[in-house]
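Number of protein chains: 2
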Amino acid sequence: MAFEKVRREDDYSKWYNNLVVHADLAEHSAVRGCMVIKPYGYAIWEKMQKELDRMFKETGHSNAYFPLFVPKHLFEAEEKNAEGFAKECAVVTHYRLKTNPDDSSKLMVDPEARLEEELIVRPTSEAIIWSTYKGWIQSYRDLPILVNQWANVVRWEMRTRLFLRTAEFLWQEGHTAHATKTEALEETVKMLDVYADFAENFMAIPVIKGVKTENERFAGAEDTYCIEGMMQDGKALQMGTSHFLGQNFAKAFDVKYTSKEGVQEYVWATSWGVSTRLMGALIMTHSDDDGLVLPPKLAPIQVVIVPIYKGEDQLNAISEVALSIKNDLESKDISVKFDDRDTQKPGWKFSEYEMKGVPVRIAIGPRDLENGTVEIARRDTKEKETLQVSDLVNKVEHLLEQMQSNLFLKAETFRDNGLTYVDTWEEFVDVINNRGGFVAAHWDGSGETEEKIKEATKATIRCIPLDQKKEAGTCVFSGKPSEGRVLFAKAY
Amino acid sequence: MAFEKVRREDDYSKWYNNLVVHADLAEHSAVRGCMVIKPYGYAIWEKMQKELDRMFKETGHSNAYFPLFVPKHLFEAEEKNAEGFAKECAVVTHYRLKTNPDDSSKLMVDPEARLEEELIVRPTSEAIIWSTYKGWIQSYRDLPILVNQWANVVRWEMRTRLFLRTAEFLWQEGHTAHATKTEALEETVKMLDVYADFAENFMAIPVIKGVKTENERFAGAEDTYCIEGMMQDGKALQMGTSHFLGQNFAKAFDVKYTSKEGVQEYVWATSWGVSTRLMGALIMTHSDDDGLVLPPKLAPIQVVIVPIYKGEDQLNAISEVALSIKNDLESKDISVKFDDRDTQKPGWKFSEYEMKGVPVRIAIGPRDLENGTVEIARRDTKEKETLQVSDLVNKVEHLLEQMQSNLFLKAETFRDNGLTYVDTWEEFVDVINNRGGFVAAHWDGSGETEEKIKEATKATIRCIPLDQKKEAGTCVFSGKPSEGRVLFAKAY
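Same order as they appear, the protein sequences are chains S and G. No gaps in the numbering here: position 238 of the first sequence is 238 in the working numbering, and each next residue is one more. No gaps in the numbering here: position 255 of the second sequence is 255 in the working numbering, and each next residue is one more.
In isolation and in its complexed conformation, chain S is listed as follows:
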């Protein structure tokens, strides 16, 4: 685990990359822009998946699976969607390799195995799914369709960063079909609420719910709702989106239903997704210079027990206590690892589990054995305490709850302190460049102004918050009338 320690304040970006690799979360692969998610990182993703999947099912959704490939003629059917993704599509053109006649140890693409129609590796699945829904929907009885898919998608990004922006990533994409506009709008907002609930109550990340501007909207959507988080470097991160697709895809794929009254109507649609990008948000919100800090609800290992011993007799005696503690904690559904490896020293293990963000560390040494005590340390505040073994289970249960809410409150305070209300352009530029965080400012509602602000400062409108106060004001850039403040920030 020896590595060059980087502090957040010195080089935030390097700190992040270092942490992702050294905490064994992910690494770059031999494929440009694609990552390997390592077992420890994947275990966190699995915990996220499990909770999200439960929430989707509790709100009436089922999982299904649709093809990885989208034939080009289907891909281009919904024009805005196609245009939005065309520049970052991996394209399959051939279906066979053959031995290279010039070097029999090498393979080459077989020019005779060219596909009649190219296949796009899905960057998102609206096209393939709506071409399928056409066969599933005839009558109002077939609606709503509430389907989710866990899948990999590919978007050929030029500049990639582990978890935050990779050519291939893992995600879930919900795709629902409804008889009415009202119902589809309700679904859009319902799933945004599910995402916000998950972000705040499991990831311990406070989020702002809002609507994207037209410029920032998902290609093919009528409206894009989002949750936005704030990272420790003052940059925003879009954590999830829920799209009201109107009848755009129904029209592109001619999906109609017969209403109770016998009338043919186009179907209304939503789609919504979160991805392995959430791993990036989780890491950047809570972690510190010593490594990952994990909210207990998403920690694969919640408690680690490290024995401090000399010789086998001491280890045996400590193991007996440790295994009994492990047992007691596990009976309360707390996940525990007892690390009795003799290949590493306790100090090394302490750093290792700090780096990996294990919420609670219990150390047991010979003196503890005599006194019936253990030393307990919490990852977030680094506080240590010596406890009677008999008090331990209650203490740990309480501590995990406390850490979960402590992390949320800390992130919320940071986010709130970083929110600045700004009324002049000078102040806007100063805050964006020097202070960061969210900037609440009046905006004239035009895409043109939005674009100019972005060019001048790299700040984008993260969202028009759902709880925006309607109030007359003056656009911070153009001086034109505004109906309320929107949230600007530099963003990932």
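No lab work stands behind these hints, which were simulated from the structure alone. Worth double-checking, as some hints may not be accurate.
Pairs count within a copy or across copies, as identical chains cannot be separated in the list.
[What the hints assert, rightly or not] Computed cross-link-like contacts, DSS-like style, restricted to lysine-lysine with a CA-CA straight-line distance of at most 25 Å:
no. : residue 1 : residue 2
1   : K326      : K384
2   : K382      : K395
3   : K345      : K384
4   : K134      : K106
5   : K50       : K337
6   : K87       : K98
7   : K57       : K337
8   : K235      : K454
9   : K410      : K235
10  : K332      : K50
Bear in mind the structure is a predicted one, so any value in this text is a computation, not a measurement.
Given the coordinates of chain S, work out where chain G should sit on it, guided by the hints.
Positioned in the frame of chain S, the structure of chain G alone reads:
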């Protein structure tokens, strides 16, 4: 649900395709050879995944995720593996589309966005994973690596069938790395046992464990272990494979470790996988002319309650009883659906749930209300019985267990009755052509003979059973000496 009913004895293949579609399991997609797994089919796959995943974790494995794409130079590094899959590879050659200058509503592959090196869509992940393991393994302390991946893979098959053979399919692939040959061999067999355990105790399918002949071995393996099941039409189906890869991939990717003694050694490898093909095995083993029959342990809905009523008052009275029953059953971890839809008649619902293989159906009508009874029907034998509500929970619990073992025993009897010992070529041909099932026959051990038998009869050697009796004999085809009987069959 109106459809042309096909009996197994009339057209087994058509019966299968019909069932897959009408039981809402899967359907063909707009992409050649790729399927859509529908919500009900996917729910069964999720139940399989959950059990397998638990078993993998209980045997010490963790999940991880590796890229979808394999750069060509890595793909060709292990020559036999590359050769084995080269003819069925989907190849990504470009990373961008652009507007077609001849028709602005269409897209075309941008010829300027050609990849420097082609990317193969993974048909299996040994190459990308072993190129990654090279960075993970330095010392004996880094071993073993016990990793599994749940993923989609693509093999460009020319003749496809839903679940059994599709261009894209879902699977899990375990990839382990070990310090010694013994350990890798133990792992290979351990995972074969996990698969057999899963097949028999969850899928209720008896399997034969064996080793593949050299001709049938996985490309790049030293030995391929397999489990083979027998379908109702007398054809075998390979349900899972576990490969001892020797040091082939370690050598191809130069993966060495330093032993405790300070010596550099190549690493030993295994890989093992099961796929959505198991869905095909599940369907074909148990189902009947009325539809799917599911072993209770893998049924997404274990009990359905159908009310039989006239008017809202009756429905309300029945619903009260039904919901109380649902509650009682769910408290025993039994999954229950109460289908009170007023858009469909009870008879329609009975057929629907028969088609979908729901193990237990409970019907409640007005007379039941008076008598405190319900009618209970089991899917496998179609037996019906009227019961007191008070006896119901015990009865259902017992019935689900009984059905699980009944389905296994029935399949086992069928499989055992279909196993024929054959000593002459004439008899061999007769049994393969007219009786089907497994044929136990002596074989001289040569690939040439194996190939000739295949050409003559379409039968292949499914495996050399692990419990093969070593006995001198005469090859059924060549008359040359044989050391024991192997199992032949026509296969999916």
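Here is how each hint holds up against the structure:
no. : hint        : in the structure
1   : K326 x K384 : within (19 Å within a copy, 49 Å between copies)
2   : K382 x K395 : within (16 Å within a copy, 55 Å between copies)
3   : K345 x K384 : within (20 Å within a copy, 66 Å between copies)
4   : K134 x K106 : between (44 Å within a copy, 22 Å between copies)
5   : K50 x K337  : both (21 Å within a copy, 22 Å between copies)
6   : K87 x K98   : between (29 Å within a copy, 7 Å between copies)
7   : K57 x K337  : between (31 Å within a copy, 14 Å between copies)
8   : K235 x K454 : within (14 Å within a copy, 65 Å between copies)
9   : K410 x K235 : within (17 Å within a copy, 63 Å between copies)
10  : K332 x K50  : both (19 Å within a copy, 22 Å between copies)
Of the hints listed earlier, there is not a single one the structure fails to meet.
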